[in-house]
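> So the protein sequences, as listed, match chains Z and U. Read the first sequence against my numbering and you will find it ends at 1518, with the numbers running on by one and no gaps. Read the second sequence against my numbering and you will find it ends at 127, with the numbers running on by one and no gaps.
Please note that a few of the clues may not be correct.
In the SDA-like style, the derived pairs of lysine to any residue whose C-alpha atoms are separated by at most 25 angstroms in a straight line are [claimed, not checked]:
id: 1; chain 1: U; residue 1: 92; chain 2: Z; residue 2: 1443
id: 2; chain 1: U; residue 1: 9; chain 2: Z; residue 2: 1465
id: 3; chain 1: U; residue 1: 81; chain 2: Z; residue 2: 1305
id: 4; chain 1: U; residue 1: 9; chain 2: Z; residue 2: 1252
id: 5; chain 1: U; residue 1: 81; chain 2: Z; residue 2: 1443
id: 6; chain 1: Z; residue 1: 1151; chain 2: U; residue 2: 92
id: 7; chain 1: Z; residue 1: 1482; chain 2: U; residue 2: 22
id: 8; chain 1: Z; residue 1: 1257; chain 2: U; residue 2: 20
id: 9; chain 1: Z; residue 1: 1443; chain 2: U; residue 2: 80
id: 10; chain 1: Z; residue 1: 1096; chain 2: Z; residue 2: 1309
id: 11; chain 1: Z; residue 1: 1151; chain 2: U; residue 2: 54
Partner residues aside, some chain Z positions facing chain U, computed with beta carbon under 8 angstroms [as the list claims (entries may be wrong)]:
id: 12; residue: 1158
id: 13; residue: 1161
id: 14; residue: 1165
id: 15; residue: 1250
id: 16; residue: 1277
id: 17; residue: 1280
id: 18; residue: 1296
id: 19; residue: 1490
id: 20; residue: 1492
These stretches of chain U come out as covered by chain Z in the derived footprint (C-beta under 8 angstroms, 3 or more residues) [said to hold, decoys possible]:
id: 21; segment: 15-29
id: 22; segment: 38-46
id: 23; segment: 106-117
Hints were generated in silico from the structure; no laboratory data involved. Glycine included, C-beta positions come from ideal geometry on N, C-alpha and C.
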Amino acid sequence: MNANTVKNVDVAVIGGGPAGIAAAIAARKEGAERVVVFERDWEAGGILQQCIHPGFGLHMFKEELTGPEYVDRYLRLAEEAGVEFSLNTMVFSMDKPQSFDGRKSASFWVMSPKRGVENIKAKSVVLAMGCRERPAGAHAIAGTRPAGVYTAGTAQRFVNMEGFLPGKKVVIRGTGDIGLIMARRMVLEGAEVVGAFGAMPWPAGLRRNVAQCLDDFGIPCYLGYNVCELHGSKRLEGVSVVQVDRNRRSIEGTMRFVECDTLLLAVGLIPENELTRMAGIKIDSYTGGPVVNEFMQTSEECFFAAGNVVVVYDVVDFVSQEGERAGKAAALYAAGKLEKGPRYFSVEAGPNVKGISPCELTGGQDATLFLRVLEPVEQSCRLYAEPGIFSQKLRYARPSEMNEVRVSAEKLNALPPDVKAIKIGLEIL
Amino acid sequence: MSKTETKKFICVACPVGCALTATIDGTEVLELEGNTCPRGVTYARDEVANPMRTFTSTVRVGGGALPVCPVRSRTPLPLKKVFDVTKEVAKVSLPAPITIGQVIIENICGTGTDIIACRSLGVRPR
Chain Z
1090 MNANTVKNVD VAVIGGGPAG IAAAIAARKE GAERVVVFER DWEAGGILQQ
1140 CIHPGFGLHM FKEELTGPEY VDRYLRLAEE AGVEFSLNTM VFSMDKPQSF
1190 DGRKSASFWV MSPKRGVENI KAKSVVLAMG CRERPAGAHA IAGTRPAGVY
1240 TAGTAQRFVN MEGFLPGKKV VIRGTGDIGL IMARRMVLEG AEVVGAFGAM
1290 PWPAGLRRNV AQCLDDFGIP CYLGYNVCEL HGSKRLEGVS VVQVDRNRRS
1340 IEGTMRFVEC DTLLLAVGLI PENELTRMAG IKIDSYTGGP VVNEFMQTSE
1390 ECFFAAGNVV VVYDVVDFVS QEGERAGKAA ALYAAGKLEK GPRYFSVEAG
1440 PNVKGISPCE LTGGQDATLF LRVLEPVEQS CRLYAEPGIF SQKLRYARPS
1490 EMNEVRVSAE KLNALPPDVK AIKIGLEIL
Chain U
2 MSKTETKKFI CVACPVGCAL TATIDGTEVL ELEGNTCPRG VTYARDEVAN
52 PMRTFTSTVR VGGGALPVCP VRSRTPLPLK KVFDVTKEVA KVSLPAPITI
102 GQVIIENICG TGTDIIACRS LGVRPR
């Protein structure tokens, strides 16, 4: 491939959302000279720019901010730290890492209207591309294909950034947080929201969002329902909904028609890892994100990853914290100073636990692991990491909220040499 | 003697979403169960007497990098005034540039709080 220019950087950050910005700041603070964030949009901030609702920053800033305000705070910190941003720049191709002097380094290709195609060489990379919504085509809904079907995040961008309302009478498929937040938003903009229909017996989103987005506005939440068919030729005229059992099988005789002109899809987010795959990095089949260790380091040692590209988070503050860990480690790697621990442990999911990240540990530093429970537990329970390295009593555990397991390097390194796996589980007390 | 009753609701003060049970007398909370922090006490008191919410929306912007700018109430305002507030906010159209924190509407609908801009927005082109 021919490029107009070759640019050398110390730490390259791909994606200018909350994970990427925090990583870049941390990399600069750790001493990396040239830290560049590559962002395809015209401004940094990522999805937070369209998340105009409050609820961000309770951990990082001890106050409740909207998405754009949270970004503004971080962009100020980035400027102070001397982070460079390359905006309107799409990273479109990733080479396999090259070895030089016993160390690996990255090479990738970007395109921008101002500078054309460029080849970027980086001593280390932080992958922070975030995630993408499960698209309409992946929903397996029968019927016609009329206009008026959007993912909730697309509708959010239309309303909150582009300034137009995608419809007047809305059904929401799924009870994820973006769907709940969009229900309230559509009502405030003058639309009618018929209801949110979720397949599981519990809401996928946070309870506070069911309370403040649906209950406050009298919007019904139908649990154990599937939206199974679209009706309408040019524009959506309605959907069929049906009750489903715990295995998501339709219950005969429960199907009914619901009139609407808009369907918002709020069912699942998928980490965006095309570039990760191009670099030959190992992907965790459960989370859909790269396999990382406690340094947020991937299977290709000069690549680090943070945020929703690794596993889908519930709270942005945790994404920023993870970004910091990745950015710091990436800067250390770039300087030839990152020291992994002496051990290797794989982290495995035990009872009622899924999607643990990081899923490898080396005992190199204290680790924070994030995971979700499979099913809600509304009573005293215990989250543990075996053999005997973590135990915490919880009042409840819900799939909508991530749980944290903190494991000290000291405890890990004190484990007998034959221990190669850590098992995390949840038990009811 | 006035009658006491119990009211159950989810605290929206933070993402934990505690299930609160309040024993109330009219608009006064006599007893509260289920909260795990002091914010829950304040939330329950308001929720029984006069539910309060942070309001967020957008206003139209002329000549800006985006056609709308996100705004919010500086502090929570009464839930029952949300539709009055949204109607007032919808009437606003401002020229770019906008600065974060800029007051868009003072003392919105007599609630004692202001509507402020949540981001800075420069002029076109992007």
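> A separate judgement is required for each hint: does it hold in the structure or not?
Each hint, compared with the structure:
no. : hint            : in the structure
1   : U:92 / Z:1443   : 47 angstroms, violated
2   : U:9 / Z:1465    : 20 angstroms, holds
3   : U:81 / Z:1305   : 10 angstroms, holds
4   : U:9 / Z:1252    : 37 angstroms, violated
5   : U:81 / Z:1443   : 41 angstroms, violated
6   : Z:1151 / U:92   : 33 angstroms, violated
7   : Z:1482 / U:22   : 23 angstroms, holds
8   : Z:1257 / U:20   : 33 angstroms, violated
9   : Z:1443 / U:80   : 38 angstroms, violated
10  : Z:1096 / Z:1309 : 54 angstroms, violated
11  : Z:1151 / U:54   : 18 angstroms, holds
12  : 1158            : 5 angstroms, holds
13  : 1161            : 5 angstroms, holds
14  : 1165            : 10 angstroms, violated
15  : 1250            : 6 angstroms, holds
16  : 1277            : 5 angstroms, holds
17  : 1280            : 12 angstroms, violated
18  : 1296            : 3 angstroms, holds
19  : 1490            : 7 angstroms, holds
20  : 1492            : 12 angstroms, violated
21  : 15-29           : holds (count 5)
22  : 38-46           : violated (count 0)
23  : 106-117         : violated (count 0)
Taken one by one, the earlier hints fail for this structure at numbers 1, 4, 5, 6, 8, 9, 10, 14, 17, 20, 22, 23, listed in ascending order.
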